[in-house]
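S.K.: The primary structure of each chain is shown beneath.
Number of protein chains: 2
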Amino acid sequence: MSQSLDRGLALVEELAGGRKTLDELTDAAGVHKSTVLRLLRTLEARRFVQRDGVHHYRLGTALFALAQRSLDDRDVRRSAEPALRELNARTGHTVHLASYEDGEVVYIDKFESRHAVRMYSRIGKRAPLHCTAVAKVLLAAMPAPKRWAIAHAMEYPKLTENTITTPEEYLAELDRVAERGFAVDDAEHEDFIHCVAAPIRGQHGVVAAASLSVPEVIADLDTLLGLVPDLLATMEKASIECGAAPARKDV
Amino acid sequence: MSQSLDRGLALVEELAGGRKTLDELTDAAGVHKSTVLRLLRTLEARRFVQRDGVHHYRLGTALFALAQRSLDDRDVRRSAEPALRELNARTGHTVHLASYEDGEVVYIDKFESRHAVRMYSRIGKRAPLHCTAVAKVLLAAMPAPKRWAIAHAMEYPKLTENTITTPEEYLAELDRVAERGFAVDDAEHEDFIHCVAAPIRGQHGVVAAASLSVPEVIADLDTLLGLVPDLLATMEKASIECGAAPARKDV
DNA sequence: CCGCCTGATTGCGTATGTTGCAACGGGTGT
DNA sequence: ACACCCGTTGCAACATACGCAATCAGGCGG
Chain Z
1 MSQSLDRGLA LVEELAGGRK TLDELTDAAG VHKSTVLRLL RTLEARRFVQ
51 RDGVHHYRLG TALFALAQRS LDDRDVRRSA EPALRELNAR TGHTVHLASY
101 EDGEVVYIDK FESRHAVRMY SRIGKRAPLH CTAVAKVLLA AMPAPKRWAI
151 AHAMEYPKLT ENTITTPEEY LAELDRVAER GFAVDDAEHE DFIHCVAAPI
201 RGQHGVVAAA SLSVPEVIAD LDTLLGLVPD LLATMEKASI ECGAAPARKD
251 V
Chain G
1 MSQSLDRGLA LVEELAGGRK TLDELTDAAG VHKSTVLRLL RTLEARRFVQ
51 RDGVHHYRLG TALFALAQRS LDDRDVRRSA EPALRELNAR TGHTVHLASY
101 EDGEVVYIDK FESRHAVRMY SRIGKRAPLH CTAVAKVLLA AMPAPKRWAI
151 AHAMEYPKLT ENTITTPEEY LAELDRVAER GFAVDDAEHE DFIHCVAAPI
201 RGQHGVVAAA SLSVPEVIAD LDTLLGLVPD LLATMEKASI ECGAAPARKD
251 V
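So the protein lines, in turn, are chains Z and G. Count the first sequence with full-length UniProt numbering and you get residues 1 to 251, in order. Count the second sequence with full-length UniProt numbering and you get residues 1 to 251, in order.
There could be a bad hint or two in this list.
Because identical chains cannot be distinguished in the list, a pair is counted as satisfied if it fits within a single copy or across any two copies.
Unchecked claim - As a list, the in silico BS3-like pairs of lysine-lysine whose alpha-carbon atoms are at most 30 angstroms apart:
no. : residue 1 : residue 2
1   : 33        : 158
2   : 146       : 33
3   : 20        : 110
4   : 125       : 146
5   : 110       : 33
6   : 20        : 146
7   : 158       : 20
8   : 237       : 33
9   : 237       : 158
10  : 146       : 237
11  : 125       : 237
12  : 110       : 158
13  : 20        : 33
Derived from the structure by calculation, the hints contain no laboratory data.
All chains, please: the whole structure from these sequences, using the hints.
M.R.: Okay, here's the thing in structure tokens:
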């Protein structure tokens, strides 16, 4: 492991929280002021951070370009985009595209709700596995041993009244998801918000999951479940774009 | 300067060009394979890169979140967004928001054209100063000595038939821009594409520039110039959002 | 089925880059 | 005008990251 690289990246992450002064960064990094200064200089030369006034530093412009590339690299995102956009236009609700990474899910794309009351989230945000519909879909698609291992390795913080809190319950839920082909998060993650999610398949199985996230005040559970056929049809379309073989009704 | 941090960041930039193997990265970095491996491990731990298959590395998901933050930090972008979006909707043409940085302009936001023939660009992309309308607007707003210094320090590669190639011509053009309040790029950057740009002012002067970029086949120069009043009105609106005092007709 | 070959990975000693200290300097506020 | 507060730099000690070379894994051909 490279110490200075690690410290440098830590600084970048620290700056993700907003503009900071040298002193604030020094405290956060836990190393000497001059060290931080030198790291910042290197980051500045590569445009990962930039000075903001005399006393402040903030994230630099190199990140824009990099993130655009990084997103474009993920062809799920590009391929699924039109279908998800249409789903968003049709339903007016927040649509998320997510993939599994290291014991969490990451939102890799988002289409905003048209309603005034909407869920807060952003691309790049991570969410826990035990309480999100997208995670259930992604986990349900994994081979049983891996599913078991992950379910037993993860935490189950109780975030709302409905949160699943044990591996056993969770694995049972995953079985239900696998059977039905979609997942529900009935206000298990955040109070007053429920979601339905379905998988997007590529050539070699499930590559991502997409969800509709809706505040309960906008649509009750039945209404939300009424959107599932549309969701599934959209995911089928997206899956074909991602190189999946079309689903056959007779199998 | 921190060597390992610099090398690590160089690796990230290298990966911006697409997924790479360890060997390819080693060549690009010009250091020993094991060194690259260790840097990659640190980057991986911070999710700046991730493995893609067994032999490849690609950019990681940390960048999404960071870039979102970085963009949100720039309040010009957030404040100007509604006005620019409307301009894009009204005209159907590509709208760019750009700011000056280290002898180049950086596109910090973009609204896509509705036409099939459209300009290629992306957020985070950089462009030269001597041949873009946004650069002319930004430079024209600078104090004369700084303008002079920049104009004489920069390069003037001839990119098209119309490209300005000397500091003298460029400075004269800047004077025209300052006088008229908008700038034109008459296919000086890319053949067949021309642009008009205008400044967005904040509390302390010009903070960014926005442009309409249109292929000549879609609109001739006269038609493009016909859009200038709309552009200026939009920028006036955006400027007020950015904290500028409303323009007074009588001054 | 075995052995070769390519490419990833690790242990280790050393040189080098990096660190913290302390002194300096520039700007700001009183 | 003075003092204070930061940011900045030079330097010497040290830890760290480097390159080397041996090891390991995995794929391919014999």
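S.K.: So, for every hint listed, does it hold in this structure?
M.R.: These are the hints, each one checked on the structure:
no.	hint	verdict
1	33 / 158	neither (40 angstroms within a copy, 45 angstroms between copies)
2	146 / 33	neither (45 angstroms within a copy, 32 angstroms between copies)
3	20 / 110	both (28 angstroms within a copy, 27 angstroms between copies)
4	125 / 146	within (24 angstroms within a copy, 41 angstroms between copies)
5	110 / 33	neither (39 angstroms within a copy, 38 angstroms between copies)
6	20 / 146	between (41 angstroms within a copy, 28 angstroms between copies)
7	158 / 20	neither (33 angstroms within a copy, 41 angstroms between copies)
8	237 / 33	neither (54 angstroms within a copy, 43 angstroms between copies)
9	237 / 158	neither (35 angstroms within a copy, 47 angstroms between copies)
10	146 / 237	within (28 angstroms within a copy, 55 angstroms between copies)
11	125 / 237	within (25 angstroms within a copy, 32 angstroms between copies)
12	110 / 158	within (26 angstroms within a copy, 41 angstroms between copies)
13	20 / 33	within (14 angstroms within a copy, 36 angstroms between copies)
Comparing the model with each earlier hint shows violations of hints 1, 2, 5, 7, 8 and 9; every other hint is respected.
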